[in-house]
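Fit chain to chain and form the complex, with the hints in mind.
Sequence order for the protein chains is A and B.
Quick note on the numbering used here: the first sequence kicks off at 1 and runs consecutively.
Quick note on the numbering used here: the second sequence kicks off at 1 and runs consecutively.
Be aware that a few hints might be false.
[What the hints assert, rightly or not] If you want the footprint, here are the derived chain A segments under chain B, 3+ residues with CB under 8 Å:
1) 160-173
2) 257-264
[Said to hold, decoys possible] Reference excerpt, derived from the structure (chain A facing chain B, CB under 10 Å, subset only):
3) A3
4) I40
5) D42
6) S101
7) Q253
8) R254
9) L267
10) R270
Please keep in mind that the hints were generated in silico from the structure rather than gathered at the bench.
Positions of the beta carbon are idealized from the N, C-alpha and C atoms, including for glycine.
Chain residues, written in single-letter form:
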Amino acid sequence: MSAFELVTPRSVEEAIASLRASDGTGSAPLAGGTDLLLDIDDGRAAPARVVSLRRLPWRTLDWVGGALTIGSTLPLRSLEDDPGVRAQLPGLYQAVHAVGSVALRHRATIGGNLGRSAPASDLIPMLLALDAEVDLVGPSAERRLSVNDFVRASRRTALAPGELIRSVRVPESRPSAYVWQRVRLANDISQIAVAVAYSPSGRRWSVAVGGMPPRPVLLPEVARGLGNARPTDPALRAAGERATREVTIAADQRASEEYRRRLVGTLLGRAVRSVDVAEGVHR
Amino acid sequence: MSAATRSDLAVKLAGGAIYGTDLDLPGMRWAALVPSPVAHGRVRSVDLAPARRLPGVVAIGAEDLPSLLPGSGDADRPIFPTREVLYRNQPLAAVAASTLPEARRAAAAVRVDIEPLPAVIDLESVFPDWPGAEADRSPHVIAHVHARHGEIEAAFRSADRVVEETYRTASVHQVALEPHACVASVTGDRWYVRTSTQTPFGIREDVASLLGVPEERVVVDGTWVGGGFGGKGSSLLEPFALLLSRAADRPVRLALDYRQEFELGRTTLPAVIRLATAVRGARIVGRRVRLLLDVGSSLPGRDFATGYSIGFLLGPYRTDAFEVEGYGVRTNKPPFGPHRAPFAPQCAFAVESHLAEVARSVGVDPDAFRADHLWHEGDSTALGQRVGPFGLPSALEQARATAARWRAERPPGRGVGIGMGFWSTGTGAGGEVRLVLTPTELRIVQGEREIGSGSVLRGLVVVAERALGIPSDRVRVEYLSTAEAPYDSGVFGSRTVGALGRAILEASASLGATLAERLGEAGPVRLELTGGELIAVARSVRRPVRELLSPGELSVGLVANGRHFADPRKIDDSRVVTGSFYPYTDFTGAAHVAEVSVDRETGAVRVERYAAFHDAGAVVDPGTARASVEGGIAMGLGIALTEEALWSDDGRFLNAHLLDYRIPTLGEVPVPDVTFVEGFPGAGPFGAKGLGEPPIIPVPAAIAAAIRDASGAHVTELPISAERVARALKLL
Numbered sequence: 001m002s003a004f005e006l007v008t009p010r011s012v013e014e015a016i017a018s019l020r021a022s023d024g025t026g027s028a029p030l031a032g033g034t035d036l037l038l039d040i041d042d043g044r045a046a047p048a049r050v051v052s053l054r055r056l057p058w059r060t061l062d063w064v065g066g067a068l069t070i071g072s073t074l075p076l077r078s079l080e081d082d083p084g085v086r087a088q089l090p091g092l093y094q095a096v097h098a099v100g101s102v103a104l105r106h107r108a109t110i111g112g113n114l115g116r117s118a119p120a121s122d123l124i125p126m127l128l129a130l131d132a133e134v135d136l137v138g139p140s141a142e143r144r145l146s147v148n149d150f151v152r153a154s155r156r157t158a159l160a161p162g163e164l165i166r167s168v169r170v171p172e173s174r175p176s177a178y179v180w181q182r183v184r185l186a187n188d189i190s191q192i193a194v195a196v197a198y199s200p201s202g203r204r205w206s207v208a209v210g211g212m213p214p215r216p217v218l219l220p221e222v223a224r225g226l227g228n229a230r231p232t233d234p235a236l237r238a239a240g241e242r243a244t245r246e247v248t249i250a251a252d253q254r255a256s257e258e259y260r261r262r263l264v265g266t267l268l269g270r271a272v273r274s275v276d277v278a279e280g281v282h283r
Numbered sequence: 001m002s003a004a005t006r007s008d009l010a011v012k013l014a015g016g017a018i019y020g021t022d023l024d025l026p027g028m029r030w031a032a033l034v035p036s037p038v039a040h041g042r043v044r045s046v047d048l049a050p051a052r053r054l055p056g057v058v059a060i061g062a063e064d065l066p067s068l069l070p071g072s073g074d075a076d077r078p079i080f081p082t083r084e085v086l087y088r089n090q091p092l093a094a095v096a097a098s099t100l101p102e103a104r105r106a107a108a109a110v111r112v113d114i115e116p117l118p119a120v121i122d123l124e125s126v127f128p129d130w131p132g133a134e135a136d137r138s139p140h141v142i143a144h145v146h147a148r149h150g151e152i153e154a155a156f157r158s159a160d161r162v163v164e165e166t167y168r169t170a171s172v173h174q175v176a177l178e179p180h181a182c183v184a185s186v187t188g189d190r191w192y193v194r195t196s197t198q199t200p201f202g203i204r205e206d207v208a209s210l211l212g213v214p215e216e217r218v219v220v221d222g223t224w225v226g227g228g229f230g231g232k233g234s235s236l237l238e239p240f241a242l243l244l245s246r247a248a249d250r251p252v253r254l255a256l257d258y259r260q261e262f263e264l265g266r267t268t269l270p271a272v273i274r275l276a277t278a279v280r281g282a283r284i285v286g287r288r289v290r291l292l293l294d295v296g297s298s299l300p301g302r303d304f305a306t307g308y309s310i311g312f313l314l315g316p317y318r319t320d321a322f323e324v325e326g327y328g329v330r331t332n333k334p335p336f337g338p339h340r341a342p343f344a345p346q347c348a349f350a351v352e353s354h355l356a357e358v359a360r361s362v363g364v365d366p367d368a369f370r371a372d373h374l375w376h377e378g379d380s381t382a383l384g385q386r387v388g389p390f391g392l393p394s395a396l397e398q399a400r401a402t403a404a405r406w407r408a409e410r411p412p413g414r415g416v417g418i419g420m421g422f423w424s425t426g427t428g429a430g431g432e433v434r435l436v437l438t439p440t441e442l443r444i445v446q447g448e449r450e451i452g453s454g455s456v457l458r459g460l461v462v463v464a465e466r467a468l469g470i471p472s473d474r475v476r477v478e479y480l481s482t483a484e485a486p487y488d489s490g491v492f493g494s495r496t497v498g499a500l501g502r503a504i505l506e507a508s509a510s511l512g513a514t515l516a517e518r519l520g521e522a523g524p525v526r527l528e529l530t531g532g533e534l535i536a537v538a539r540s541v542r543r544p545v546r547e548l549l550s551p552g553e554l555s556v557g558l559v560a561n562g563r564h565f566a567d568p569r570k571i572d573d574s575r576v577v578t579g580s581f582y583p584y585t586d587f588t589g590a591a592h593v594a595e596v597s598v599d600r601e602t603g604a605v606r607v608e609r610y611a612a613f614h615d616a617g618a619v620v621d622p623g624t625a626r627a628s629v630e631g632g633i634a635m636g637l638g639i640a641l642t643e644e645a646l647w648s649d650d651g652r653f654l655n656a657h658l659l660d661y662r663i664p665t666l667g668e669v670p671v672p673d674v675t676f677v678e679g680f681p682g683a684g685p686f687g688a689k690g691l692g693e694p695p696i697i698p699v700p701a702a703i704a705a706a707i708r709d710a711s712g713a714h715v716t717e718l719p720i721s722a723e724r725v726a727r728a729l730k731l732l
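With the rest of the complex left out, here is chain B (with noise of 0.2 Å):
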């Protein structure tokens, strides 16, 4: 694809995209929160009333919920907390006022009263040693899964050799460019809310449940989306501009500052890993696997990251006997959010690295013994799924292939490694999709936005492309609100063209069929453009849709629906000891090399080359592909490399800034090669996987090992910032 045919580049190059922080409503009041001073604490008192006297200022707290909500809201998720502040900056009421720095200064004037209580900001700092069976009656344990399988005690007893290490990982925040931001607007009993997001619906029920309204009563209409990655998934600001609304009778802005947006932006908090690995000869016999994941203050019940994370821990490697326990910890940070392929770059960093080191301490090439206990096709997950069609181990051969190449040619100082990850096409709960066709043109109707990807704007529209042989310049996207548009669960996990896609798949089969009997002939229908009408073609008869359509049909559209629903999955839970672990489908893989130089004074590492080999399964659409893999990286590197946010002490975010939350720039990110891995079929349209979250897994862990071979640096902790390569070299 050459970029020109990305249909939203003109608009975005001309600036006429609306994005969050662009909507603008006649009347519209601007909107500002007040942030709780400290990370823990007990609510004595919010005083609304200094805010109240500003001219045209409207407040809302805990106190005016009850007058304001239609519902009786969700008790266990207050819009506002009356008891206790779990986290700093936690919005304790809101104000609007006519611009943004009156109401600023209104947020400002509300005088709040907090009394401090404790808090509980370093992960390790609630179990300084491993949690013991004293865990599961802990305050600060939210989740708490276990799995296990196979002789694990005698697997260890028996090993040659038993490598135990501890891994850490940061906190990394999603740093989409446009901040969240959202206007919402409330008549009678309509909450509408145009919003920046990558779930319409999602937002919708969120919505409703906090708020306690029917959904349908609840529209949520998307706006150009300037990044989500995960964060943008679930409602961060919609309730609180809802609720203003209705309180002021006006619509209502509210946005974050990129200050804000880092301090209350749901980000990717710090785990500490443990692995231990028992080794018979060059065969791994067992595997013990612990996570301590940072949840921050995500409630009971409502942490997907555990049960979710940990799998990755496990995979991509056959494992006879295992034993997996992870615990998602409480602190008083703000809620743990998805970063794209939540936690999962993280856990292959872990798992790659750690097995390299298990090699190396019997004598076995780190790369081939990855290769030997790779997944293959047919086999079982540690937790007894199928793997379906996998690339990876392809994807490993050419690696390494390429691996060798850059060995053979590196100048001194230069190491070359190879890292791994295997990723499960998302599905969420499923959606529809409706195409209507003209005379002219075939319109997506559908609930999604474009996030930036592609895969909304290019690869649904490459889907009915292939199905209809309809020139793409003749396929639009409509994006319609949740009032309108036919339901689907969001832009995430990897799943649109995955999922959404087979939706499309199934309404152009039926539009195809429709067409197909009112030619007269069976067999796959092509639609051509000639002088601008579209032409139904089936083998040899060829009609203008034109004169296929009925004269309803003519002002209206034919109307064809699809749909995809996700099939039931299921893991083996004769494995399961407790909690709920994520039935992974629909596997893809990527191998990763990078080449890197180390610096042995410094410990300042410069990513010099890299290469990307992944299964996509039958790629849709080679230069969005393609696109989505380079940004992937992009982020990778920051993940391994620069980024971290660091919380005080007392919870506050110490680096909320793009100067000092460092994400790579163009100097930093060497132009990788990309290559896909054909051949191994996923279950969406025409063989196609999900490459959104893959490119982002295996570059933490190609990084680590490509500093290893430069310079011998074994670093355990993310990010590898020069300075931790430094101690690694023993020159601290």
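Only chain A is shown next, with the shape it has when bound in the complex (with noise of 0.2 Å):
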């Protein structure tokens, strides 16, 4: 574990600026700390600077219409206490809950877990799913990116130098599951996950999966298979196979190509089947 200098601006033009300053060196914004911090004590991480985001004005979440803004240092244990995120976007819920642990969940943030980008990330494949995009403020503007353009690779995102997330944007409720294969209900990471969501006003699939490297993935041929509606049990299983072909599949640690990609076609079933197509519908 390497020594850093720990700062705590009191505004968003500070925490920029602090970022920045000492670009040469190396900084890393500091949310809930649950990843952060691992990668600094097993030396993976060695930034010369830590700038702590825990006095900026982020840790809201507002309802616009059926449109959710999550501040992106809100704890996810508020984020999934919050009687709205269950019943308006009940995959959210799911994915949010599968984090770690509770203890956990109430110092990690989406932030956090965007800016982190981990392979395994169960948020970004339900954010994926939900069309969600990042708000960024930066040295020089403000900027909206999709997820799906936000985040790159493992680990790397589209974050500029001095960039921050300011809040996570979902535009619309919708029916939505997440449905993972892991070793152990609480602090593990998915071997493999599916995140599905219906959008009423476009009357449309969306499928994600994640769970390992490189990133999460939407399957946008896949959802297009599920149709407009409810599916039936033959396209749902076409789907599933044309999942199981189509997603790139790596084996790590976890779990070995072919059994993610036996699973993709299981878990993409029993997500779309637990999805309450109508009660989106006559919303």
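Spelled out as structure tokens, the structure:
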């Protein structure tokens, strides 16, 4: 573990300036610290300066119509405890609930999860399926990117130097589900996970797969195969087979390529069957 | 027992218990080890100069040993390797500095030049086929055990059926919450080390031999131990800390972080088990049992594992004709270390699963088949030892009744299975205690530390409480260093209550006799509490202890000593072809019932219900006994389902992290029903038998049987991951 300077700015401007000031030696924003501090401890990261975001006014949760804006430093536990999230975005609730443990979720944040962009992130597949966007603030301008464009690869994002995630925006309430396979109920990461969401406005499905390197991915062709309402069993089976064929699957310590491939269709079927499409259609 | 009666609860909950990782002495330096970057290699040079140039750093390597060691050391076990490195992260040198980051920087500055040699990591690459006659000449074989009895060839020739199977088991780590940690302080010729250990006297002996010092100059002091499970039974860090302290002329602290705990700790390593069973009708007529055990870089003559483990592949079943053969095979991994009931859960998994398959092959119910062949009191083990009072047949009977009830109630997709195992209450060499009676309390003066199971601070207290009738809150355990305490061989082998408890019993009897004599009354003496004073009572005579003690005793207490050393035991040598086998004694056993659900699409297993039936002899303390069983089941579920150390081809421990090395959490462990099968007394106090290790033994076998019952999946490899179940179900 390397030593670092910890700064705790009181404003967004100051935070951005702090991040930039040490660009030559490396700086890292700190939210809940549940991922960054492990990397520092293990020597995988060695920032000279760590910029704590705890004093920034971003622990927010705002519903406007059916759209949800989540402040980037809001602890995941607050998101999980929100009755609106549970009712309007059941898949997001399930994905948040899948992260670590209760204790960890009291610290971990959605901004940290996106910013650290772990290949096994539980939130990213669900945010992909919900067509979520991230609002970034930086030294020169603010910008909005889709989560799909924001996440580049394993541990790589579109964040520019000095840029921070201010919030994450989910455009509409969607019947949705997040289904995973893992060894333990808590304190574990998924071997493979499938996120599905149904858009009542667009009458279409989105499907994303996560849990393995290099990053969670959307499967638009598979989603199209699910049609524009509750799919028939043959359509669902065909979508599962398509997913099994099309997903690029990696092997690692947690599971073999073969096992993951076998599970894609199964988990997709379970996820789609658990979504109450009608509820969304009539809302 | 309610939890509140554990006398360590208050100090532990308040954070006042000093563990190895809390140790801090004035002026202390922090140490770090210099790890070998390869799993096998020839040492060309280890250059400490760059580390020594850093301010305040003391560094020691092989070249410094002659000037630091008081004696010649142990030639077979050099502190630092001078020629050959045998496993990755093997310490090549050690450094001390004012802070831990400085020590780590200094360790990283050491220039290591090692010529890599081909490393042998995979056990099965050593003997792709089974070892033949050439094995005894192989540099990889450090232990060979072989025994046989009866007309084995004839039995296999005349059999109706022969079932042959191969089982594989994984490397598992103890995962004690507290990693290894110690502080050493060498002053003059006193080599003092305070360390988190299960065996203070064992460490003393080991350190003295490694350093070449007389044992009495080494002083080992214990701490509260944050779990041992076999991993803290021999020296690991102490020699380095002691030598650094000598070199730095300061106290030196050396502790592992958790990654190092995985990499350097002594784990159980993989094994291959081959079983062949010959059956005529529904009777076993012959058994062939073969074991290939990875012992890592254990040294020849220091492999306890092979001869000890292999007996678990024969019992607890009657066998007229058998042949058993095992090899301890060296690989470039750290030396093999014991893990709660060393290798017995893995053996039970193989034997129980195999005999169930044998039973099915001849159309017999697996549980009935095992019951028919089980040892009963008076039977002889394969190696000719007599089985004493043995509650396993009764435990199995009760387990079968529970299994039948659960099978009748179970929802679809669930299965119920039974697994069994036996154990032998350990004795160690033996031990001594000193009881000190004052007018207000009884002190148990001894050399062990409480490692978390309750066997010392609760088990020993209960024995004194029952022997003398004294209220347990008037009994205090005193923990002394090896310089002051009576000798004991350690907290391992489920021996503490059974062996050291007998020393307490003897000391109690002697104390009682002295008090009876002073009371002028024959017969047993009880110590009652009245108004804060202990009163000695024999029949109708009652007198305060204060009045029975001489003036001298009033200041130092009335002292009584007790000792218990192991009785000699023998196996039938006429059955041994070669090697040494462990003579088990004071047999215990357990039958466990598991109910699991198996996801037929993913292979995922969930443990739904669990029941354990244990012969623990006479249970001396039901609360502690129950806790031991619950903990053993939780640990056993890890071996059964999730735990597996992964080693890369070049000897790296790939998942040296508690996220990636998965022990079960409360989410995976059901609250078990625990039943003690009484009426089968052991040799311990009041008929107690050991219970530290037996609870872990039947777990993988019970889980495997339940998975087989639920889904038909017959998995022959531990851990039984969802992926392995999926393969057995032909999903992949």
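Hint check results:
1. Check result for the region 160-173 of chain A against chain B: violated, 0 residues qualifying (beta carbon to beta carbon below 8 Å, three or more required).
2. Counting residues of the region 257-264 of chain A whose beta-carbon sits less than 8 Å from any beta-carbon of chain B gives 4, enough to reach three: the coverage restraint holds.
3. Interface restraint check for A3 of chain A: the shortest CB-CB distance to chain B comes to about 7 Å, inside 10 Å, so the restraint holds.
4. For I40 of chain A, the interface hint is violated, the least distance from its beta-carbon to any beta-carbon of chain B being 12 Å, above 10 Å.
5. Among the interface hints, the one on D42 of chain A holds; its C-beta lies about 7 Å from the nearest C-beta in chain B, closer than the 10 Å criterion.
6. With a cut of 10 Å, the hint placing S101 of chain A at the interface with chain B holds, because the nearest CB-to-CB distance is about 8 Å.
7. The interface hint given for Q253 of chain A is met, as the beta carbon of that residue sits about 6 Å from the closest beta carbon of chain B, less than 10 Å.
8. Of the supplied interface hints, the one on R254 of chain A holds, with its beta-carbon coming within about 8 Å of a beta-carbon of chain B, less than 10 Å.
9. The closest approach between the C-beta of L267 of chain A and any C-beta of chain B is roughly 8 Å, which is under the 10 Å cut-off, so the hint is satisfied.
10. Because the beta carbon of R270 of chain A sits about 8 Å from the nearest beta carbon in chain B, less than 10 Å, this interface hint is met.
Violation of the numbered hints given earlier is confined to hints 1, 4; the remaining hints are satisfied by the structure.
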